[in-house]
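Enquirer: Work the whole structure out from these sequences, hints included.
Protein sequence lines correspond, in order, to chains A and B. For the first sequence, the numbering used here gives the first residue as 1, with consecutive numbering after it. For the second sequence, the numbering used here gives the first residue as 1, with consecutive numbering after it.
In case anyone wonders, no lab produced these hints; they're calculated from the structure. Don't be surprised by glycine CBs; every beta carbon is placed ideally from N, CA and C. Honestly, I wouldn't trust all of these hints.
[Stated by the list, open to error] List time: in silico DSBU-like cross-link candidates among lysine-lysine, alpha-carbon distance up to 30 Å:
id	chain 1	residue 1	chain 2	residue 2
1	B	Lys200	A	Lys259
2	B	Lys150	A	Lys255
3	B	Lys200	B	Lys150
4	B	Lys208	A	Lys70
5	A	Lys165	B	Lys150
[What the hints assert, rightly or not] Cβ-Cβ distance ranges computed for the label pairs, FRET-style:
id	chain 1	residue 1	chain 2	residue 2	range
6	A	Leu274	B	Lys14	41 to 47 Å
7	A	Thr153	B	Ile204	15 to 21 Å
8	B	Lys298	A	Lys255	53 to 59 Å
9	A	Lys92	B	Ala118	44 to 50 Å
10	B	Arg288	A	Lys255	25 to 31 Å
11	A	Ser160	B	Gln289	57 to 63 Å
12	B	Glu58	A	Arg79	40 to 46 Å
13	A	Ser26	B	Arg288	28 to 34 Å
14	A	Ile14	B	Lys208	25 to 31 Å
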Amino acid sequence: MKEFMCTVISNVEILPHVNLMWLEASQIAATAQPGQFVTLCCGDLTLRRPLSIHQVNKRQIALLFKIAGKGTLWLSQRREGDRLNVLGPLGKGFKVESDSRNLLMLAGGIGIAPLVFLAQYASSQHSVKLIHGAGTSSELYSLSPLPSGIQVTTVTEDGSGGNGKGLITDILPDFLEWTDQMYACGPSGMYKGMAKLLCRFKSPAPCASEELVPSETFTQDKAEEGYKLKKCQISLEVRMGCGVGACYGCSINTKKGLKKVCLDGPVFELDDILWEGVKI
Amino acid sequence: MLDLHVQLAPHHPKGLMLDNPVMTASGTFGYGIKYSEFVDIQQLGAIVCKGTTLMPREGNPQPRLVETECGLLNSVGLENIGIDAVVRDKVPVWANWRVPVVVNIAGETIGEYVSVAAKLEGAPGVKGIELNISCPNITTGGIEFGVMPKLAAELTAAVKTATSLPIIVKLSPNVTNISEIAVAVEKAGADAISLINTLKGVTIDIDKREVRLGNVSGGLSGPAIKPVALYMVYEVAKVVHIPVVGCGGICCAEDALEFIMCGANAVQVGTASLTNPHVAIDILEGIRQFMRNKGIQKLTDLIGVARA
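Expert: As structure tokens, this is what we get:
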């Protein structure tokens with residue numbers, strides 16, 4: 001991990017309020033792992049902004065970000081040739097187990113950002129399916145950077161586009177038998193929905209907080225299968241200070257004790273998160 | 001040849017001589033170890049580590065950080081690994097450093113502070129203790145010592161007897177008369193005073209109609225508090241005869257020089273390190289540049305020059 005001055009190669013609004021920015025960052029590109037992130041100094045703002053690495057291409061890295069506040073607005077206004085102070089790559093990324101063959105990726109909205117890098121990284125050795133959900137069709141990410149051979153299913157909450165209307169968690173049960181490992185990035189509501197769903201698969205008795213009912217009724221055999229398959233890595237987003245584990249600004253309580261999202265994460269096992277402690 | 005040395009504990013047998021006046025502020029630089037991977041921290045005057053308590057602390061609920069206008073509101077709540085882990089895991093690293101380390105210690109009772117200080121006795125690399133009597137983010141202890149002169153003095157005296165290291169007492173700005181506290185801890189044996197810790201603050205999310213911080217209130221730092229910090233340094237330097245370490249919103253060499261001319265013998269850089277990990281090094285170089293430009297050989301010639 002190091003600090004670099006990186007030149008902006010391009011910075012384009014590819015979806016409404018979503019920018020794709022390519023940076024010249026050869027050293028970050030050389031070592032970055034899927035799920036890792038960088039932080040960027042944004043003008044006069046006090047806090048650097050963390051963004052997950054979206055793609056890597058030889059000497060360049062791409063960042064995909066939604067304009068959600070002052071920092072990302074400032075970043076969206078950078079032009080070709082501008083130089084940015086970038087720290088990275090930071091954090092611990094996704095892990096692909098050596099015996100996993102079928103990888104399922106769940107991308108809620110802008111959560112597609114780190115999963116494209118993961119799909120590019122993993123698709124040569126693994127079979128990959130991706131479910132991408134968005135509020136409406138105009139927010140669906142163009143999946144052209146994805147390697148061929150990846151099966152993509154898209155859903156929109158308003159039914160205006162994609163393969164159907166609804167949430168990622170509505171169709172997730174259809175994929176659970178197939179997958180060996182799952183990876184997700186999206187809003188906290190999506191994670192909470194997944195946690196409930198996978199919790200149901202895990203035990204024959206319903207969870208105390210159970211509200212969601214999967215689209216099919218599963219037999220006991222399938223529930224046990226679900227238990228084996230429930231391992232799911234998610235990328236968390238919490239307000240960060242230093243980004244390197246020094247300020248304790250992003251600590252969360254997990255089943256494995258206090259963890260720093262910037263250093264121990266941002267990728268965690270879904271099962272380890274204590275949701276009442278994570279207010280995003 | 002420029003001379004940037006400053007002595008922060010002139011009345012202490014061991015002293016606390018810094019190569020230069022630029023220190024890191026507690027809580028913003030961890031234990032220095034992460035940053036040492038990509039910042040040449042050995043150049044700095046001193047590293048002040050994360051506030052350390054007798055037992056590990058979990059800290060406050062999320063969210064812990066909110067950016068404000070020209071500043072940062074935090075309620076980390078002294079999450080730390082506890083003194084035993086510091087001695088076991090961090091001290092051996094510090095032992096090989098050229099840069100002196102000052103350990104910031106905190107507690108809820110005098111006994112806790114004393115125990116923490118005692119555990120640092122003989123720790124290689126540790127050259128001083130900063131008594132945190134001013135953390136605004138814990139509900140008991142800490143802050144109370146910082147607002148009552150008598151308690152602050154008792155605590156200082158008690159820790160003094162438990163350690164052979166120089167003691168810097170870090171003061172809270174959340175008091176009616178900071179000079180009174182400063183004089184009390186000086187009389188009790190403080191070797192130096194650092195100020196200011198963060199100012200208490202609250203921020204509201206008007207869309208959600210709720211407070212933004214998990215702990216409701218937090219401590220404000222960053223450029224927004226610099227004039228307040230300068231005022232308090234000015235006032236304290238007027239009444240004490242021990243060195244003063246200025247802290248609060250320092251982002252560049254010019255800011256640091258303001259504090260030094262105001263009466264600070266050294267400075268601590270805090271929140272600005274979150275924005276730019278190299279900022280303390282940049283500030284040091286900027287001070288050198290200023291001295292070269294103005295033909296000043298000794299940094300000590302600048303301390304307090306703006307005072308009437």
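Enquirer: Each hint: holds or not?
Expert: Consistency of the hints with the structure:
1. Between lysine 200 of chain B and lysine 259 of chain A, the direct Cα distance comes to roughly 26 Å. Compliance with the 30 Å bound is thereby established for this hinted pair.
2. Using a Cα cut-off of 30 Å, the hinted pair lysine 150 of chain B and lysine 255 of chain A is violated, with the two alpha carbons roughly 43 Å apart.
3. With a C-alpha separation of about 22 Å, the suggested pair lysine 200 of chain B and lysine 150 of chain B falls inside the 30 Å cut-off, and the hint holds.
4. Taking the CA atoms of lysine 208 of chain B and lysine 70 of chain A, the gap is near 18 Å; set against the 30 Å cutoff, the hint holds.
5. For the hint linking lysine 165 of chain A to lysine 150 of chain B, the alpha-carbon distance of about 67 Å lies beyond 30 Å, and the restraint is violated.
6. Judged by the Cβ atoms, the range 41 to 47 Å given for leucine 274 of chain A and lysine 14 of chain B holds: they are separated by roughly 46 Å.
7. At roughly 41 Å, the beta carbons of threonine 153 of chain A and isoleucine 204 of chain B sit outside the given window of 15 to 21 Å.
8. Checked against the given bound of 53 to 59 Å, the beta carbons of lysine 298 of chain B and lysine 255 of chain A, roughly 57 Å apart, stay inside it.
9. Range check, lysine 92 of chain A to alanine 118 of chain B: Cβ separation about 36 Å, and the 44 to 50 Å hint is violated.
10. Take arginine 288 of chain B and lysine 255 of chain A: their Cβ atoms lie about 50 Å apart, and the range 25 to 31 Å is violated.
11. At roughly 59 Å, the beta-carbon separation of serine 160 of chain A and glutamine 289 of chain B lies within the given 57 to 63 Å, and the hint holds.
12. Checking the proposed 40 to 46 Å range against glutamate 58 of chain B and arginine 79 of chain A shows it holds: the Cβ atoms sit about 44 Å from each other.
13. One distance hint, 28 to 34 Å for the beta-carbon pair serine 26 of chain A and arginine 288 of chain B, holds here, with the actual separation near 32 Å.
14. Taken as a hint, the range 25 to 31 Å holds for the pair isoleucine 14 of chain A and lysine 208 of chain B, whose Cβ atoms sit roughly 29 Å apart.
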